[in-house]
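Got chain A; can you put chain B on it based on the hints?
Each protein sequence line maps, in turn, to chains A and B. Residues 1 to 248, numbered by the working numbering, are exactly what the first sequence covers, in order. Residues 249 to 551, numbered by the working numbering, are exactly what the second sequence covers, in order.
Hints are not guaranteed to be accurate.
[Claimed, not checked] Calculated cross-link-like contacts (lysine-lysine; reagent style BS3-like; alpha-carbon spacing at most 30 Å): (1) LYS129(A) / LYS420(B); (2) LYS111(A) / LYS435(B); (3) LYS111(A) / LYS446(B); (4) LYS420(B) / LYS435(B); (5) LYS446(B) / LYS110(A); (6) LYS175(A) / LYS435(B); (7) LYS158(A) / LYS435(B); (8) LYS129(A) / LYS435(B); (9) LYS200(A) / LYS435(B); (10) LYS110(A) / LYS420(B); (11) LYS446(B) / LYS58(A); (12) LYS158(A) / LYS110(A); (13) LYS129(A) / LYS175(A); (14) LYS420(B) / LYS111(A).
[Claimed, not checked] Some residues of chain B that are not near chain A, with every Cβ distance over 10 Å (derived): (15) GLY305; (16) TRP316; (17) CYS332; (18) ASN366; (19) VAL401.
Treat the hints as calculated values from the structure; they're not laboratory data. No residue lacks a Cβ here, since even glycine has one placed at the ideal position from N, Cα and C.
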Amino acid sequence: MAPLLDIDGLCVSYGAIQALADVSVHLDQGEIVTVLGANGAGKSTLLQAVSGLVPIGKGSVVFGGEAMNRVPPYDIVRRGISLSPEGRRVFPTLTVEENLNLGAYTRREKKAQVRGAKERVFLLFPILKERCRQLAGTLSGGEQQMLAIGRALMSAPKVLLLDEPSLGLAPILVKQIFDIVSEINGQGTTILLVEQNAQKALRIASRGYVLENGRIVASGPCSELKADRKIQEAYLGGSALKARTNPS
Amino acid sequence: MQVILEQLINGLTIGSFYALIALGYSMVYGVLKLINFAHGDLFTFGSYLGYTVLVFGAAFLTAHFGLWGAFVVATGVAALSIACVGVVMERIAYRPVYRAGRLPAVVSALGASIFLQNAIMVIWGPRFQAYPSEFIPDAKVMLGDIRISLLQVIILAMSFLLMGLLYFIVQKTTFGAAIRATAHDRKTASLMGININKVIFFVFTLGPALGALTGVMVGMYYRQISFTMGWNYGLKAFTASVLGGIGNIPGAMVGGLILGVLEMLGAAYISAAWKDVFVFVILILVLIFRPTGILGEKTAEKV
Numbered sequence: 001m002a003p004l005l006d007i008d009g010l011c012v013s014y015g016a017i018q019a020l021a022d023v024s025v026h027l028d029q030g031e032i033v034t035v036l037g038a039n040g041a042g043k044s045t046l047l048q049a050v051s052g053l054v055p056i057g058k059g060s061v062v063f064g065g066e067a068m069n070r071v072p073p074y075d076i077v078r079r080g081i082s083l084s085p086e087g088r089r090v091f092p093t094l095t096v097e098e099n100l101n102l103g104a105y106t107r108r109e110k111k112a113q114v115r116g117a118k119e120r121v122f123l124l125f126p127i128l129k130e131r132c133r134q135l136a137g138t139l140s141g142g143e144q145q146m147l148a149i150g151r152a153l154m155s156a157p158k159v160l161l162l163d164e165p166s167l168g169l170a171p172i173l174v175k176q177i178f179d180i181v182s183e184i185n186g187q188g189t190t191i192l193l194v195e196q197n198a199q200k201a202l203r204i205a206s207r208g209y210v211l212e213n214g215r216i217v218a219s220g221p222c223s224e225l226k227a228d229r230k231i232q233e234a235y236l237g238g239s240a241l242k243a244r245t246n247p248s
Numbered sequence: 249m250q251v252i253l254e255q256l257i258n259g260l261t262i263g264s265f266y267a268l269i270a271l272g273y274s275m276v277y278g279v280l281k282l283i284n285f286a287h288g289d290l291f292t293f294g295s296y297l298g299y300t301v302l303v304f305g306a307a308f309l310t311a312h313f314g315l316w317g318a319f320v321v322a323t324g325v326a327a328l329s330i331a332c333v334g335v336v337m338e339r340i341a342y343r344p345v346y347r348a349g350r351l352p353a354v355v356s357a358l359g360a361s362i363f364l365q366n367a368i369m370v371i372w373g374p375r376f377q378a379y380p381s382e383f384i385p386d387a388k389v390m391l392g393d394i395r396i397s398l399l400q401v402i403i404l405a406m407s408f409l410l411m412g413l414l415y416f417i418v419q420k421t422t423f424g425a426a427i428r429a430t431a432h433d434r435k436t437a438s439l440m441g442i443n444i445n446k447v448i449f450f451v452f453t454l455g456p457a458l459g460a461l462t463g464v465m466v467g468m469y470y471r472q473i474s475f476t477m478g479w480n481y482g483l484k485a486f487t488a489s490v491l492g493g494i495g496n497i498p499g500a501m502v503g504g505l506i507l508g509v510l511e512m513l514g515a516a517y518i519s520a521a522w523k524d525v526f527v528f529v530i531l532i533l534v535l536i537f538r539p540t541g542i543l544g545e546k547t548a549e550k551v
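Isolated chain A (complex conformation) (with noise of 0.2 Å):
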C-alpha cells in the first residue's frame, strides 16, 4: 500500500542557507512516527514545508495520492493536514471557543460537524469546555498547548503535525500530552510527531527519524532507534548536557 503522506527529496532553502537536504519521510495510514533532532536541525521547516508555509526547493510532498508542492496552506488544511505550530500559537485576543471555532474554519458551514469537533475536543481536553469563554491569552502554557493541539484537531485531519508540544511544559503535563496524543492515534489520526524529547516520542511513536543539520542521519522502528548507540548518546542519555545547550 501506498503510504499516506510521502515526502520525497525535499529540500528547502532559507536564502543562502540550505534548512533541508534531500529529506525523505513518509506516513503509513494510521502510525505515529517521530523526527528528532537538535535546535535548528531543520525539524519545523520540514513541518512547514508540508503546511505550504515554507516554499518547497527541490523534491515533492505527496498526500494521499495527490501532489502537494504547489498547494497553498489553507487548502492543504482543507485536504486533511493539520500542523500544531511550534510555541502553540494561539490567537491570544480571541476566546478559547474563537480559537477552536477558526481551527474548523474549512468546514464553518457544516454547524452539526463543527459542534461534533468541539465535544470531541472537549472529551480529551476537559479543561478547554471550562476555560471556554476565557481569552486564549489568559491561559497557562500547558492549557495553551492543549488548546493549540485541539484547534489543530477541530478540522478533522487524516493527518496531525505536531511541532513540539512538549516544550516547555512542566513533566506531569509532558506526560499528560504524551498520552493524549496516543490517544488522538488511537481514534484514527496519523500523526508526524517533531520532538526533543526523544525518549517520550520514541516511547509512543512506532517509527522515527533523526535530522541533524536538515539531513536525515538514521531512522527506522523505534525499538532500533533506542538501541543505537549513536542515539543513545545524542538524544537520550546526554540530558543534562542538553539542558546547558539549549536553555529553551
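Okay, now just chain B, sitting in the frame of chain A:
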C-alpha cells in the same frame, strides 16, 4: 443645556465621519500593518463621485427614484466604485512591495495618495465644488427642546447602522474571527484554512467603501467639497484610530466619536480657530501616555 446638547449632536455627527473613515485605516492596519495614507483620498474620490452622480443624474434620478432614492444611488455608486479602486490600488501600489518591508509600503501609500489627489484635481478641477442643494433635505426635527436637521438624523442613523453591522461581522461571526486572527498572526491564520488574500480583499473593499460613503455624507453635510479635503479628514480619522487603538475595530468607532465630540466642544467653548489643535494635542497625548489607545490590546502573551 440646550446648546451643549446641540453641540454634542454636531460633535457626534462629525465624530461618526471620523469613525467611518478611521475604520478603513484600522482594518487595513490590522491585517497588513500598513497605514494606508491614500485612504483619505479615497474618501475624497468617493465624495466627488457622489457629487457627479447627483449633478449629472439629477433629472433622471429624481424622476425614477425620488429624492431619497437619489441619495441612495449616489452613495451606492460611490461606495461600489471606490471599493473597486481600493482593490486595484492594493494590487498596483501595495502587493508588489509587501515583501520589501514596511517602509517601502508607506512610501508607496504616500505615492498613491499624491496620485489620487492629483487625479481628482485633473478630473474635477482645483476649485471647490458645491453639492446640489436640491437633493439635500433641509427639514428640521425637534427632539424635545433641541432642534437638529433631518440630514443629521439620517447621517447619524446610517453611521450607527453601518458601525453596528461591521461590529457584528467582526466580533460575532467566524469570518470576523478569521479577520482578527489574521491581524494577529497571519501565518498561523493560514494554518486554520483561512485564505489570507480573501481577508485582504475584504478590508480593501469594505474600508474604501465606507470612506466613499462618508465622502458623500460629508458633501451633503457641508455642501462643498475640495480635492484636498482628504488630507485633513484622513489625518483626523487616523488620529481617531490611534486614539481608539489602531488595528482595533471597535476602537476606531469609539475613537472617532470621542474625537468629534471633543473637537466640537473645544470649538464651541474655547475657540473655533483652534479646533484642529485640540485634535492633534489629543494625538500627541495618546502617543505619549497610552500608545496602544483606549481599546488597544491589553492581553499579555504567554511565551
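Next pair to validate is LYS446(B) with LYS110(A); report whether the Cα-Cα distance is within 30 Å.
Since the Cα atoms of LYS446(B) and LYS110(A) sit roughly 20 Å apart, the hinted pair holds (cutoff 30 Å).
Mind checking the alpha carbons of LYS200(A) and LYS435(B) for me, to see if they're no more than 30 Å apart?
holds, 29 Å
Can you confirm whether the C-alpha distance between LYS446(B) and LYS58(A) stays at or below 30 Å?
OK: LYS446(B) and LYS58(A) at ~29 Å, within 30 Å.
Run the distance test for LYS175(A) versus LYS435(B): straight-line Cα separation, threshold 30 Å.
Within the cut-off at roughly 29 Å; holds.
Is the Cα-Cα distance between LYS420(B) and LYS111(A) 30 Å or less?
Measuring from Cα to Cα gives roughly 15 Å; hence the hint holds.
Mind checking the alpha carbons of LYS110(A) and LYS420(B) for me, to see if they're no more than 30 Å apart?
Distance ~17 Å between LYS110(A) and LYS420(B) Cα, so the pair holds.
Does the claim that TRP316(B) lies outside the interface with chain A hold up, using a Cβ gap greater than 10 Å?
holds, 37 Å
Pairwise hint evaluation, LYS175(A) against LYS129(A), where the allowed Cα distance is 30 Å at most
holds, 21 Å
Pair hint LYS111(A) and LYS446(B), alpha-carbon separation not exceeding 30 Å:
It holds: about 22 Å lies between the C-alpha atoms, which stays within 30 Å.
Is the Cα-Cα distance between LYS111(A) and LYS435(B) 30 Å or less?
holds, 25 Å
For the pair supplied as a hint, LYS420(B) and LYS435(B), confirm whether the alpha-carbon distance does not exceed 30 Å.
Since the Cα atoms of LYS420(B) and LYS435(B) sit roughly 22 Å apart, the hinted pair holds (cutoff 30 Å).
At 10 Å, judged by beta carbons, does VAL401(B) keep clear of chain A as stated?
holds, 36 Å
Checked against the numbered hints given earlier, the structure satisfies every one of them.
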